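Number of protein chains: 2
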Amino acid sequence: INVFAKVLYEFVAEPGNNELSVNEGEIVTITNQSIGGGWVEAQNSRGEVGLVPEDYVQRVSGLALAGADDDEWDDEWDDGKSTGGYTEEGGEGGGLNRGAASMKISLNKFPGFSKSGPDLYLLSKQGPKGKEKLPIYRGEVGPVWLYPEGQLDCVVADPKKGSKLYGLKSYIEYQVTPNVSVFHISAAFGPTLKRLSLPAADLLGRFEEEFIKMRMERLQGWMTRMCRHPVISSSDVFQLFHSYKDEKDWKTGKRKAEKDETVGVMVFSVIEPEETLPDLDLLEVEQKCEQFSRFTKAMDDGVKDLLNVGQEHWKRCTGPLPKEYQRIGKAFQNLSSVFNSSGYEGEATLTDALTAAGKTYEDIAQMVAEQPKKDLHFLMETNNEYKGLLGCFPETIGVHKAAIEKVKEGDKLVAASKITAPEKITMTKRASTMSYALQAEMNHFHSNRIYDYNRVMQLYLEEQIKFYETIAEKLRHAHGQFTTM
Amino acid sequence: INVFAKVLYEFVAEPGNNELSVNEGEIVTITNQSIGGGWVEAQNSRGEVGLVPEDYVQRVSGLALAGADDDEWDDEWDDGKSTGGYTEEGGEGGGLNRGAASMKISLNKFPGFSKSGPDLYLLSKQGPKGKEKLPIYRGEVGPVWLYPEGQLDCVVADPKKGSKLYGLKSYIEYQVTPNVSVFHISAAFGPTLKRLSLPAADLLGRFEEEFIKMRMERLQGWMTRMCRHPVISSSDVFQLFHSYKDEKDWKTGKRKAEKDETVGVMVFSVIEPEETLPDLDLLEVEQKCEQFSRFTKAMDDGVKDLLNVGQEHWKRCTGPLPKEYQRIGKAFQNLSSVFNSSGYEGEATLTDALTAAGKTYEDIAQMVAEQPKKDLHFLMETNNEYKGLLGCFPETIGVHKAAIEKVKEGDKLVAASKITAPEKITMTKRASTMSYALQAEMNHFHSNRIYDYNRVMQLYLEEQIKFYETIAEKLRHAHGQFTTM
Numbered sequence: 001i002n003v004f005a006k007v008l009y010e011f012v013a014e015p016g017n018n019e020l021s022v023n024e025g026e027i028v029t030i031t032n033q034s035i036g037g038g039w040v041e042a043q044n045s046r047g048e049v050g051l052v053p054e055d056y057v058q059r060v061s062g063l064a065l066a067g068a069d070d071d072e073w074d075d076e077w078d079d080g081k082s083t084g085g086y087t088e089e090g091g092e093g094g095g096l097n098r099g100a101a102s103m104k105i106s107l108n109k110f111p112g113f114s115k116s117g118p119d120l121y122l123l124s125k126q127g128p129k130g131k132e133k134l135p136i137y138r139g140e141v142g143p144v145w146l147y148p149e150g151q152l153d154c155v156v157a158d159p160k161k162g163s164k165l166y167g168l169k170s171y172i173e174y175q176v177t178p179n180v181s182v183f184h185i186s187a188a189f190g191p192t193l194k195r196l197s198l199p200a201a202d203l204l205g206r207f208e209e210e211f212i213k214m215r216m217e218r219l220q221g222w223m224t225r226m227c228r229h230p231v232i233s234s235s236d237v238f239q240l241f242h243s244y245k246d247e248k249d250w251k252t253g254k255r256k257a258e259k260d261e262t263v264g265v266m267v268f269s270v271i272e273p274e275e276t277l278p279d280l281d282l283l284e285v286e287q288k289c290e291q292f293s294r295f296t297k298a299m300d301d302g303v304k305d306l307l308n309v310g311q312e313h314w315k316r317c318t319g320p321l322p323k324e325y326q327r328i329g330k331a332f333q334n335l336s337s338v339f340n341s342s343g344y345e346g347e348a349t350l351t352d353a354l355t356a357a358g359k360t361y362e363d364i365a366q367m368v369a370e371q372p373k374k375d376l377h378f379l380m381e382t383n384n385e386y387k388g389l390l391g392c393f394p395e396t397i398g399v400h401k402a403a404i405e406k407v408k409e410g411d412k413l414v415a416a417s418k419i420t421a422p423e424k425i426t427m428t429k430r431a432s433t434m435s436y437a438l439q440a441e442m443n444h445f446h447s448n449r450i451y452d453y454n455r456v457m458q459l460y461l462e463e464q465i466k467f468y469e470t471i472a473e474k475l476r477h478a479h480g481q482f483t484t485m
Numbered sequence: 001i002n003v004f005a006k007v008l009y010e011f012v013a014e015p016g017n018n019e020l021s022v023n024e025g026e027i028v029t030i031t032n033q034s035i036g037g038g039w040v041e042a043q044n045s046r047g048e049v050g051l052v053p054e055d056y057v058q059r060v061s062g063l064a065l066a067g068a069d070d071d072e073w074d075d076e077w078d079d080g081k082s083t084g085g086y087t088e089e090g091g092e093g094g095g096l097n098r099g100a101a102s103m104k105i106s107l108n109k110f111p112g113f114s115k116s117g118p119d120l121y122l123l124s125k126q127g128p129k130g131k132e133k134l135p136i137y138r139g140e141v142g143p144v145w146l147y148p149e150g151q152l153d154c155v156v157a158d159p160k161k162g163s164k165l166y167g168l169k170s171y172i173e174y175q176v177t178p179n180v181s182v183f184h185i186s187a188a189f190g191p192t193l194k195r196l197s198l199p200a201a202d203l204l205g206r207f208e209e210e211f212i213k214m215r216m217e218r219l220q221g222w223m224t225r226m227c228r229h230p231v232i233s234s235s236d237v238f239q240l241f242h243s244y245k246d247e248k249d250w251k252t253g254k255r256k257a258e259k260d261e262t263v264g265v266m267v268f269s270v271i272e273p274e275e276t277l278p279d280l281d282l283l284e285v286e287q288k289c290e291q292f293s294r295f296t297k298a299m300d301d302g303v304k305d306l307l308n309v310g311q312e313h314w315k316r317c318t319g320p321l322p323k324e325y326q327r328i329g330k331a332f333q334n335l336s337s338v339f340n341s342s343g344y345e346g347e348a349t350l351t352d353a354l355t356a357a358g359k360t361y362e363d364i365a366q367m368v369a370e371q372p373k374k375d376l377h378f379l380m381e382t383n384n385e386y387k388g389l390l391g392c393f394p395e396t397i398g399v400h401k402a403a404i405e406k407v408k409e410g411d412k413l414v415a416a417s418k419i420t421a422p423e424k425i426t427m428t429k430r431a432s433t434m435s436y437a438l439q440a441e442m443n444h445f446h447s448n449r450i451y452d453y454n455r456v457m458q459l460y461l462e463e464q465i466k467f468y469e470t471i472a473e474k475l476r477h478a479h480g481q482f483t484t485m
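From first to last, the protein sequence lines are chains X and R.
Residue numbering for the first sequence is 1 to 485, as defined by the numbering used here.
Residue numbering for the second sequence is 1 to 485, as defined by the numbering used here.
For the record, the hints were derived by calculation from the structure and aren't laboratory data.
Fair warning: there could be bad hints in the mix.
Given that identical chains are not distinguished, each listed pair holds provided it fits within a single copy or across any two copies.
[What the hints assert, rightly or not] Computed list of lysine-lysine pairs in DSS-like fashion (alpha-carbon distance at most 25 Å, straight line):
#1 Lys412 to Lys213
#2 Lys373 to Lys359
#3 Lys304 to Lys330
#4 Lys429 to Lys359
It should be emphasised that the depicted structure is a prediction, and the values quoted were computed from it without experimental measurement.
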């Protein structure tokens, strides 16, 4: 059974690079989904086969090709989106977005503070009722979130296939097990099993398993990151997801969550900087804001650069390089079998050694081809996740900037009787809360980033060391068989 | 100063492979002679730069381009050829002969037994006078040469540039030091220094040194191989070359050597199988001959295959692969400097570690690029030498086959009174001598081959092991700098 895909953007193959040129709207057959590194192998209608960036194509079912409406599915999942941040859209979510990106919400996209301007919050009449406040306190590095004692966590496992729309749409359901026993709010509940489903695209054949595993890892990474975030993990809907026991619970909670007013920019209304933190100096705030902005942009560039380099390297490691080691291995073995036909006595030691050396290079070929999945994969997944996170900052910083501008206009607004003097004071205080929240968020980001990059580099280098050591060991073994006595 | 080269054969570049298409007769500028692996980097008149197989081009001097006659030089060196086998023609000698080859005598070409038919020897009236006989005796593996007790040997060193034809032709003179003290015939002489000159092509600029070194290695390899061969090392001219003391000595000896009649097929007249070796059975001889022929052809294919694979691998190791490691290194360092600008406290450990990791990958890039010269080089040189040796066998085997055919016609020739009955007996005996000589030569070849391939594989694998171990060690060092405490 073929896996078809629709080409979303034109892609021009680099010559000699095993790539396939495709045009927007073209339908191709996916011949290998497990290339990795952001690539899939596809075949066009002329039978040409080559690599295409995976997010340049969108998997479609044969039935969808025959005219079924894809939007219906999207609508349904758009609905899912409003209940929290844990759904994922489209088969190509979280891929490497070379050029334009098409996902609506992908696993690597961290929810931003708000898309609307800051006014709603800055000028709102009253704070939220009965909401527990999220404090910001003065840490060693500056303003920081208060982290809950028992951190929310969950384990994503046990993928199961399902289908809906009379079999037209298949999806994968993952089991999510929250560690609610240590959850500081819902500690009363024992661990419960939840099933979270994601559209499965049209996964068929022998690559399915690997593909599902990769998506499961991404979901796990995303869930863990959400759990680690004190603001998100304390949101009603997130807690509901972790603590609900049955369908009824979920529906009630969902309805309640839909009425939650502390969404968007109003999230700042539940944030409360501690008394010890003074109101901020506007100029200083603007400078900090500028620094965050520069940093996130620079990191975005750096991360994308690393992803591009990794993608190229991935292709070489899974394509031409192992082929070459294989050819070297074959050439040694070939020479060995020629020598074996010499009829000369005392040939066996050399021919055995040459065969062993040849097989060693064939082993190396396989190791080279499999290595990216062991190391580069995680390096790229982490950077991909960060690319998504960084994509949220411009909006967050933008809302904050708008708030600062509003405060600057404060006196003018009072003079024009647009706001009262006490309102101006409230507005200034709230802008200060936003500033502290942004700083706490940046510090949260930095501390996570330092941990994450240390961790992923350790993993990467550990696997690289193992790789080179194993090769050296194999070669040492092969070397031992030659003799010049 | 530019090094120009004339394109000898059309070469069509493989796309995306950093190659340059060139046409026969085109003049290109050599921009890098030290690529190695059978490649040079050249620039055409349109300014395009890329790799071209080194034996597809012939270096020419600016003066030669301006109309100087190259043949004059060749003639002079043709003269040199007649005095022995130790001169080398042309700047491109010993290169990888992809496609047609153009050299006259290259360093890797072993002198064959003869180009003429076997009749001269088979039907000659008398044997050579006063010549020491070269025995063939029955060894463990069959007929073998008698190896002299003290083997002739020499050291090639100390290259010096010189010029002739009023500076139009430059050459490199190498100092050849024979170990005549252990030479079984000329032991009376103490070690003397000889200088052997080779045309230098037009070597200019920074690659000269490396190029001269490579040619010196080849000359050394060729001299050693000649010294190791009992028939060649016992030839008058070879001994003269090793033992002469002054110009006069050399000229006298050369004149004498030019009168030597035991050249070409007559070399068999000084070969004498021991009494214990019976006259050979014709059918058996033909079968052995057929086996030699098959083996040398198969090995020729195997060697060429390995050379092609090696050439491709060389190009990748010195081209795209190190570039990629460099890009990985740069991406890590780039990310490190971005992180360094975060303004977040406690950033230093990660940024230092990332910088170190980046530098490590830059080191690896350099190691990858330099590695072929440390290992692949010797593997290719050895196979190149063997390609040359194998190229001589068809002729040798052909002469031998012709001798067998002649013997088969023996009775007919006697009946037609073309030869006498005693001449037929002599002819049969001499054909048997040729058969034993061929077998001794094959056994000589096999035993040398087994030693040489064991040796070169040991060298290759030793360097490969060192390479991978050094990388692992470097990475271990980089890994140690990351921390997730």
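Evaluation of the provided hints:
no.	hint	in the structure
1	Lys412 to Lys213	neither (58 Å within a copy, 83 Å between copies)
2	Lys373 to Lys359	both (22 Å within a copy, 23 Å between copies)
3	Lys304 to Lys330	between (38 Å within a copy, 13 Å between copies)
4	Lys429 to Lys359	neither (72 Å within a copy, 48 Å between copies)
Going down the numbered hints, you'll see the structure goes against 1 and 4, while the others check out.
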